[in-house]
Structures are given as C-alpha cells and as structure tokens.
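Participant: From first to last, the protein sequence lines are chains A and B.
The numbers in the working numbering rise by one with no breaks, and the one at position 332 of the first sequence is 332.
The numbers in the working numbering rise by one with no breaks, and the one at position 275 of the second sequence is 275.
Derived from the structure by calculation, the hints contain no laboratory data.
You may find that some hints are simply not true.
To be verified - Here are some, though not all, of the chain B residues that point toward chain A, as calculated from beta-carbon distances under 7 Å:
#	residue
1	Arg18
2	Gly121
3	Ser149
4	Tyr156
5	Gly262
Cβ atoms here follow ideal geometry from the backbone N, Cα and C, with glycine treated the same way.
Okay, here's what each chain looks like letter by letter:
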Amino acid sequence: MSHFPLWKIVVVALATLLGVTFAAPNLLTREQADHLPSWLQPVSLGLDLQGGSYLLLEVDTGYVVREQLSALVESVRTLLRKEKLKYADLGAKGDQVIVRIIDAEDRDKAKDLLRKLDPDAALEARDDGSMVLKYSVEAVKRRKLSAIEQSLEIVRRRIDELGTREPSIQRQGEDRIVVQLPGVKDPDRIKALLGKTAKLTFHMLDDSTSPEEALKGRVPPGSMVLPSAEQGRGMPENYVVRKRVDVGGDMLVDSKATYSDGRPVVSFRFNAAGAKKFGDTTRESSGKFLAIVLDDKVISAPRINEPILGGSGIISGSFTVAQAQDLSLLLRAGALPAPLQVLEERTVGPDLGADSIRAGTVASLLGLALVIVLMVTIYGTLGLLADMSLMLNLLLLLASLSFLGATLTLPGIAGIVLTMGMAVDANVLIYERMREEQRNGRTIMSAMQAGYDRAFGTIFDAHVTTLVAGALLFQFGSGPVRGFAVTLTLGLLASLFTAVLVNRMLVFSWVKWRRLKTLPLS
Amino acid sequence: MRLIERLLPHGTNYDFIRYRLFAFGVTAVLIIGSLTSIAVKGFNFGIDFAGGILIEAQTTDGPANLHAMRNSLGELNLGEISLQEFGKTGRDVMIRVQRQDGAEKAQMDALVKVKETLGAGYSYRRVEIVGPKVGGELVRDGVLAVALSLLAIALYVWFRFEWQFGVGALISTFHDVITTFGLFSITGLEFNLTTVAAILTIAGYSVNDTVVEYDRVRENLRKYKSMSLYDLLNLAVNETLARTILTVSTVFVTVLALLFFGGEVLRGFSIAMLWGLIIGTYSSVYVAMPMLVYFNLRTGKERAADEQAEAEANQAP
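One chain only, chain A, in its complex shape:
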C-alpha cells in the first residue's frame, strides 16, 4: 500500500471506530442508554419528534423600571413625611421622580437627604424648588438584568415543582426565556402558572372610606382601590387598602395546599423576620381587617381576631382543590419580578411525533436504497464503493450529532436525506473525471490520480458554497430549521472526508487487489 501513508490509514480507521462508538447508543432503548455515561448518549430528538411543548417567554422589563420608580416615589414620601418637610406634586414622570419642596428654607436639607436616598439615583435641583431624581442608565440596566435572571430562576423553580421530565429553561437574547418541555401534551396549566407574577402582599384595609366612595375618585392619599379576586359569591367587588405593604410574600419559606373545615385552603409559613413583622402587624391591628393581595387582587380580607405570633397562617378564599394547589406552588416558588408574556408556543403531541419519526425513517431508508441502487446500476463495483463511503458518511453524521449533543428534528432528517443525494455527487464528479481521463489515453493509475486531484477543487468549491448557506441558516434559523442546518452542514463536512479520502483508499485498494488494467467505466 505504498500510495497511502500510514497516518492516513490510521485516521480513517480511527474515524470509523469513533463513528461506530458514538453512533452505537442510538441502537439502544431509552432505559438502556440511561446507564451510559453522559458523553456516550443517543442523539437527542427535537420536540417535533418526541412530542412536547416549546414556549418563548418575554420578561416585561418596562414593568420592572416602572416598579422601581414607584418604589422610589414611596420612599421619597416616607422620607419627607418623617423629616416633616412640606412637599407637593410628588410623582413619577417618564423615567424620573419629581417632587417640589414648598418652603425655600427646607430645600437645602431636602436636597441633602434625597441625594443620600439612593446612590443610583442622580439628583437635580431646579430653581422653582423641584427636585428631580433619575436613575442612571447603568442602574436601570442592572435592574433589568437582575429581573431577567430572577425570572429565569423563578420559572425554573415553578416548572421543577411540576415535576416535568427533563425540562430545558434557557435565556435567549436580551429579555427572553425559552422553555422546552419534552412530553408535555397540554401546556395550558404551565402557561397559566407562568402567566402569574404571584406577588403576594398583606395590606391593612382602609376603613376610613367605602369602596363606593373611593371609586368616585375620593381615594385617600396612600390608599388604593383593588378588585376582589373572586367576583360575586357574596364578596365585595372592590376593597380600599393601604398602599403600604405590611408583609410581603418574599418572606415566605413554605406553602402547602391543605384543608380547613373541609374546604381547600393554602397554608403558609414566614421566615424569622417575616414572622416577627407579621406578629407585630397583627398585634397592633387587632380587630381590623387584613387584606391578602395576590397580583393586585384581593383574595380575602379576614378580621384579625388575635395576634398571630407563630409565623404561619392560612389563606382561605373560595378555592377549588386545583386552585389551592397552584397557589401554594406559586408561593413556594416565589414571585416573578415582572410579568411574563408568551410570545410563541409550539406543541406537538407524542403521537404526531411518533408519526414523524416513522415518516422520516421511511423517507431516509427509501432515499438511501434508491441512491445505492442507482449508483450500483451505473458504476457497478465502483458504485458499491461509493455507497460504502456514503454509509460511513451517515455513520459519522449520526455519531457527531450524538457526540455534539445536537438535536435531531424532522427538517433535520430532511437534511440527512438531502446529504445522501449531494454526498454522492462528489463521487460522481470523481468517477466521471476518471472516465474522461482514461478515454484521453491515460493509464489506469494516472487516470485515477488525475480523477481525484482534479475533481477535488470542484468538490471543495461546491461544498463551501453550500456550507455558507448552511451556516447562515444556522445563524438566522430557529428551532427545527436549525436542526436542518446542523445535519446538512455536518453531513457535507463528513462527505469531504468520506467521499474523497476514504473513497480514494477503497478504490485504489480494489484496483490493486483485482489487478485491473483499465477502469470499468467505459
């Protein structure tokens, strides 16, 4: 075998060995494969093949910024009241908080205090006594970023609570979250759970006025009107509650769905700080009403009969069992810093996935069979050798998909089928070239040499141009289409190796073994 340096033979043998090794797990069942190490796994199937749900969520970062501003308004109010400084026109306007200090002699003091209020907010004092607080661009960015990361964590916790098999939750781009849930047939419950921010707060009812009065526009300062979560059923439609949050859901450590008097309720437990705060509130306001507010809706507003010191309690609304379970799940997982919006949903049932796998398999096998027959019909043994290179190509493709942890989708299978048609093109180019060179009077060895050498430039150029299309498809494609780009690209790369190098070894060895004087090509 003087034609082939040892290293080439070693490379081909090694590639084949690796190909067999990494492709082999695909023959196993799911249970058998679970025993294998993580680097030796069958190719993972896309949601369109195994069934499941894909959700693209967007974090409403605008909400976070608005929240940040209204929190700043409240802390300005608290500060100025505490310091007994007279002010007017306090509010958020655009991306800034404005307040006017009435007495000219208070202004320097106010300026000093406001400047220290929040290091991220820059203060600008105007001549008419207005103070303008504005968050720096970095601070806003930081706030958004942390909201996105927190959302990611909460989404993960909520989905983990549901016990879904192998969910994948990833951040995408600036403010998006991709949730992939294999095997989930109906994502409605998950969407409903993710659609709630689940911000739980406890407020005192404002009993100085009635909801009817307040709705006419006479809301006492520092209070707000909130609707009832459950309309009708003898509950008031609206409540007037104090804006001040007495205890927040962020201090919860546990929550469970349980029963009280035979009705489903949600029990909760505060951490130490929360328990103390809750104890203080309930002691100070005995006999008053405490509104339990979830996402700006009042679930219930029970009367505080006695101080609750143990740090735990129950929420009893008019829940069904499922509602109580969902609420306790949401409270356990924590509140989202901002509402999430579902931008895109794609759900494939497991039976359609199975149908697609079947269709894809039939199409691939049939395509392969047709190509093999065609090549053998035209080129005889040389065609068979090209078919062998093609099989190795497919083996390497499957192995690299498995090794890289790429996802096989239905369009991905189409990519494999197309690769078969295009990979043999390289061999066709080579064989046709050899045929031509032989007709031009070259000897068999020289014709073969020329065939491979001259065809290579063409094959290379042709591959690169298709690879360019594949790379761009990967860059701009999404979901299943990306799977197509991956298989097409890997298949073409593999064909540069198999259709040229491996095929060349096969053909030269065969010619030597059969001691051929001419190529059976014309």
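Since the structure of chain A is provided, determine the placement of chain B on it from the hints.
Facilitator: Positioned in the frame of chain A, the structure of chain B alone reads:
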C-alpha cells in the same frame, strides 16, 4: 455496450449555447411572472410569519364534521378561520386562525376560546401560536438569511474565480430564488420557516451546480487558448453533462422519497426542493453559462475570434 454508456453519454456535442436567446426569453418570463405574482397576489404566509394559531386536531372517534366545526368556530368572531381536512382517515383537521388584533395575550385567549368551543372529542396533535412580535422577527431573519447567503456565495465565487463568474453565479442563483418565491406565490403553497430553509438549500445546490460548470470553463480557458468562448462554454456543458444527469437523478430520487413518505410537515419543503432541483440545473446551463458569452473573459485577438465564431454559429442552419 455497457449500461453506463447507454445511460450516461460522453463525447456529446450538443450546442447548448445556441439556444441562449430563447432561454433568456424563458428566464425573463419566469422572473417577470414570479415578480408580478409576488406583487399582485403575494404569499400565503403560514403562521410563522403572519402570526396566528395553527391547530392540528384529530377527532377521537368518527370522521370530523367540518361543517359543524366551521359554524361553531365562526361564531367566535376571531376573523378568518380556515379548516382543512387531510390524511386518509378523515379524522385529521388543520385549523388556522388568523392573527388576532392586539398584543400577544390576544392570541392565547383566542386559542382558549377555540379549544373551549370544540370541546371534548378532539385530541390536539399540534398547536402553534406565533405572536405578532416573533412573526416580525422571523420575517426579518428570513430575509436577512437569504440576502446574506446570496451575497456570501457570490463573494466566494468571485474570490475563487474571476469577477465575471461571481456575477454570473449571483444572477443565476438570484434567478432560482426569485422563481422559487414565484412558485410559492402562484400556487399559494404555504410559505413558512421550512420554505426559507428550502430556498437556502436551493441556493446552495444551484451554486454547487454552477461552480462545477464554471470550474470546467476555467480549466478549458487555460487548456484551449485558441478556442472561441462560444465553443468553450458548449464544451464545458457537454463534458459535465453525464455528471449533471447522474447527480440530478440521485438528488431527485431522495427528494421524491421525502415528498411521498416524509409526511405532511415536510410536504412544502419537498415540493420546493423538487422545483429548485429542476430550476437550479436549468439555470446553471442556461443562465449562468450563456452570460459568460457577454462578459469579457479574454482580451484582444481572442475576443475577435470569439465574435467571429459566434457569428458563424448563428448563421449555421
């Protein structure tokens, strides 16, 4: 005579380039027809781009009653709803609901309404919702991907060959892409994400084909210094003819396998690929090659010889 000789001709001497004016006419008709249809009729955009809801429902027993479904869904006032039966059992129905006005939330609400109206008795094999925001982004990404790949391919050909070849490859690939768009517009086939994948693959395949022939032209330019460009191009097409036939056949059978056995999801993709295979082969021979006749690939004396040979060829009966 061996089978290969009968199936794959060699040493042929067909005068392909002679029909170039006729071919340019065909090309012009194809392109103008495509552009007109795109401008007048537009595309039947799938929900990937238009936004909206797609539901593949299957009745749990008995064939689907499309009439009843259409009536009850029509009462929801969700705008245009199309129902389409497919498959052999008569139980599968594809439901398409147009994009709802308003933000993303409106799409989700519409889905809930549709499911409630249909009630029990259906299993949902596939549900897709694309909101307006994502739809717009997918359109932008698709356009960008197609435009950039055309450009990148042309640049690569320019870099590997002369600029004339780059222009030729760009125009012939552009031709394939436009006529594939045209095919989708004229037939009203659903235009979705896999269509974009098909178009890029067609672009890749078509250039692949063009490069093979250009490569031969370049080789012959060096080999036959005195041959007229006209004959030289013809020679290149004839020399690569066997390869063209065989490669088209292998890709053709694989695409046929996809078309008939790949299932509903891949149908549009397979049709596009089939078209692309035909148009890509045509354009390599009849768009990319004859264009080189009009480019100045040689200089001075050689060019004069070219023109003379061409004139003679045109006079020949």
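Participant: Failing hints, ascending?
Facilitator: The structure breaks hints 1 and 2; every other hint is satisfied.
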